Amino acid sequence: MSSLPEVLLWSAIALAVLQGTTFAVARRVRRYNVVDVVWGPGFVLVAAVAALLGDGPLARRVLMLVLVAVWGLRLGWYIQRRTAGHGEDPRYAQLLDRHGRSTWAVISRIFLTQGVAQWIVSLPVQVAAASGPVRGAGWIALAAGVPVWAVGLFFEAVGDRQMARFRADPDRRGVMDHGLWAWTRHPNYFGDFCVWWGLWLIGAAAWPGVLTVFAPLIMSYLLIFGTGARLLEQAMGDRPGYREYQRRTAYFFPRPPRRDPGSGGAARADGSTFG
1 MSSLPEVLLW
11 SAIALAVLQG
21 TTFAVARRVR
31 RYNVVDVVWG
41 PGFVLVAAVA
51 ALLGDGPLAR
61 RVLMLVLVAV
71 WGLRLGWYIQ
81 RRTAGHGEDP
91 RYAQLLDRHG
101 RSTWAVISRI
111 FLTQGVAQWI
121 VSLPVQVAAA
131 SGPVRGAGWI
141 ALAAGVPVWA
151 VGLFFEAVGD
161 RQMARFRADP
171 DRRGVMDHGL
181 WAWTRHPNYF
191 GDFCVWWGLW
201 LIGAAAWPGV
211 LTVFAPLIMS
221 YLLIFGTGAR
231 LLEQAMGDRP
241 GYREYQRRTA
251 YFFPRPPRRD
261 PGSGGAARAD
271 GSTFG
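Position one of the sequence shown corresponds to residue 1 (my numbering), numbered consecutively onward.
Rather than coming from a laboratory, the hints here were simulated on the basis of the structure.
What you are looking at is a predicted structure, and each value in this text was computed from that prediction instead of being measured.
For every residue, glycine included, the Cβ atom is placed at its ideal position computed from N, Cα and C.
Treat the hints loosely; a few may be bogus.
[As the list claims (entries may be wrong)] Pair ranges (Cβ atoms, derived): (1) Asp97 to Trp207: 38 to 48 Å; (2) Arg31 to Arg74: 19 to 29 Å; (3) Asp171 to Pro133: 14 to 24 Å; (4) Arg172 to Arg98: 12 to 22 Å; (5) Asp169 to Ile120: 30 to 40 Å; (6) Val213 to Leu52: 50 to 60 Å; (7) Arg101 to Val62: 16 to 26 Å; (8) Gly136 to Asp171: 53 to 63 Å.
Build out the structure end to end from the sequences listed, making use of the hints.
Spelled out as structure tokens, the structure:
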């Protein structure tokens, strides 16, 4: 654990530089939702700093870096493609309408908030890089963490792909209720949930990684009740067909779709979506 203070400090510095640079770019393009593009890559940056400066076992540092990089770079690439050519995200416009558009309001409400969140959520990665070798029951946690992460990546990547294909098809309208979207209304958020619990399990394989459990708990709260699924549900509530979709499809944790009372008892799978 001798390297932990150094990892924590330089991770914070790296995120501060990243968010400061992103703020400068956002001001130049006059669009603050560019901050979403660096959400995933910011964790990759932290994982790289931790792998470089940590004195824990090299294999675990490299494993963490690879898993975070696969997840974070894919997410950044997807968000960049999804938002390219579009205007400001209404969430940020509403946020700044409430709190003002001064430089400090923009930095504190958007960029500082995201940077702090990235640093806290990534603590399992940072602590794991400075922890000792895995022993005893820790191997069970390590063995469980990788498949949990893989399930999360599957749900997030496949869910995003299915949604992108739906949006690109001019013949499809309504509510997306096929593929993974028939099992959960938020497969991408559920995938993110699994990714961070998987990474925590890997970190918890060696003491004191288990103590960072508050990090995935915070992420879970944000995904389920905070700025993730709950906020999207509020925005989508008035879309035609969405109430029926809510009745037959799980909110967050996947399960088989319920029978649709309006279709003779069979769950719809013809596909239509929101987005």
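Hint numbers contradicted by this structure: Hints 3, 4, 6 and 7 are the ones this structure does not satisfy, whereas the remaining hints hold.
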